[in-house]
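Colleague: Keeping their order, the protein sequence lines are chains A and B.
Residue numbering for the first sequence follows our numbering, beginning at 408 and increasing consecutively.
Residue numbering for the second sequence follows our numbering, beginning at 47 and increasing consecutively.
A few of these clues could be false.
[What the hints assert, rightly or not] Now the stretches of chain A that chain B is said to cover, found in silico as 3 or more residues with beta-carbon under 8 Å:
no.	segment
1	562-568
2	605-614
3	657-669
4	678-692
[As the list claims (entries may be wrong)] Under 10 Å between C-beta atoms, here's a sample of chain B residues computed to sit facing chain A:
no.	residue
5	K55
6	Y74
7	Y120
8	V125
9	Y167
10	G169
11	K171
I should point out that these hints are in silico values taken from the structure, not numbers from a laboratory.
From the three backbone atoms N, C-alpha and C, an ideal C-beta is built for every residue, glycine too.
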Amino acid sequence: MRDVAIIGVKNSKFGEMWDRSFRDIVVEAGVGAIEDSGVSGDRLDGMYVGNMSGGQFVEQEHIGALIADYSGLSLDLHVPSTRVEAACASGGLAFRQAVMAVASGHEDIVMAAGVEKMTDVSSTAASAALAAAADREWEGIMGATFPGLYAMVARMHMHEYGTTSEQMAEVAVKNHKNGSKNPIAQYKSPITVDSVLNSIMVADPLHIFDCSPITDGASAVVLAPAEIAHEYTDTPIYIKATAQASDTIALHDRRDITTLDASVAAGKRAFEMAKMTTKDIDLVEVHDCFTIAEICAIEDLGFAKKGEGGKMTEEGETAIGGKVAVNTSGGLKACGHPVGATGIKQVVEVTQQLRGEAGGRQVDGAEVGMTHNVGGSGATAVVHILARER
Amino acid sequence: MSVARFWRKQIHRYNLVGTHCKTCDTYYYPPRNVCPKCRRDGEIESHKFSGPGEIVTYTVIHTAAEGFEHQAPYVLGIVQLDEGPRFTSQIVCNPEDAHIGMRVKPVFRKLGESGDKGMIYYGTKYVPA
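Isolated chain B (complex conformation):
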């Protein structure tokens, strides 16, 4: 991933900054520029999420994605934040401990790197709360 492509999402990935539609009071993370419910009638503002959430579903990935080989097996989950939105995150825990409904909290972690000499990128992962 190019430096600019990662950099422009940094505030969202580092600080859990998403968006909130003032018209229908729905929260979005990842952020959206257009509210899917209100569309152009929506009024979107930036919103920093409080952090904690719950595992909706998860998997333990054994055959890793490219660049993630050294992490396998790793837990990937869909996390629902307390404000409502859902997103995909790695859950840093013992694979046997992961379960649906598990309370989790955010931590700042390395997400990956662009090859041996490329940039290292960071963001938020989740750990058991």
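Extracted from the complex, chain A is given alone in its bound form:
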């Protein structure tokens, strides 16, 4: 297998974009990533596009071909383009497919993109589309929502480990602070613990400020074999590990409701592949679809002891400048969560950090970063480790 490097990245703006279409935002990100890489489009050997639910959000399927077409890569070039779906982990998985295509030697210059346009439908319809990532026949039929499923995780975490609503709120406060320094973020206003605790209850114990929003957005990266990456950029970022794991689709079938075993397995595989430990990681973008999800993620990946994720957050160890910077982009919480794009946006953020291009949210001297993208309530987890040094 060959070493693989990132040579170009770009996010569209994240937010509610009434004036822009699905294809507009993904073309913006894709063209931006190609410009950033300095590659010409006709050098692209393939594209992998993460998209969870175009069929429900914009009544459009056949996303791979659509994006290749509107990026100008179909008519004469016939670039192969594949849509990848794993609910909210679609982007991370598209990136993994692209990495494997280059690593195998089958393709050289490859794009991984992710996109979701969620605000073209009502919030009720958007929630119904998202609920399809859970077990429709045994969870959805009972009136389960995603906040409801994670609320049951939160309730159990509070019961077993004494985690508090205030500790969960601290996750949102930190991520909004980081997001306020990210030009693409949906929410740029700092919030307080009180404003989280006083916001309306969505699914007890989760308030609306414990939840990531409904967002439009697209992200793209360009990959190349490491041996030619320097032809295109002075700062290639190397992929040290790619790992994926599955777990039961329904939350009720889990070994332990407060542990996402898919995250544990994917994290372990990634650390083994990179020959690294948590101590090597300067920053990590984790899947904070709800505040409790970030607490579980830092425990599942080994940054916090089981049950101590809330305490670690409260003590500021996950802030920029802390023990490990978690969700410097603002995370899904403040940056926004266009479900199919999120996994790619995480890679873009880590790449910008490792290049030293993260502006006001820069982690000093960042050398190694990690991404962690979850589908559903934990049925899919995708973890990557990226580094400045090959």
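Based on these hints, arrange chain B on the given structure of chain A.
Modeller: Then chain B, alone, in the frame of chain A:
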């Protein structure tokens, strides 16, 4: 949900019929065709559960799922049956009364309907025992 899609699960939803793996003696509800522990070595048989169980964790849903708006706030829980398996169910009780470890028993209830003119579907919910 289409009539057939609901109908083929009716026996399981109405009567708490799941499965049992004779090879490893594990019970499954919702039912499974392949035992996740023994996989193809498993020997799966149908099993009707006795009914009572305990709340493992729960939430009170205020922002309802589509079609459940008139029920909000409603209690959703993960119930562990006395034979072992866990599944998701609505708990019909005062939200303030719900707690982890609460003993519950099954009741036959309307689960939902497919719009104004569609089928009404029924199944099992749980109430305090």
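Colleague: Against the structure, test the hints numbered earlier, and report the numbers of the ones violated in rising order.
Modeller: The structure breaks only hint 4.
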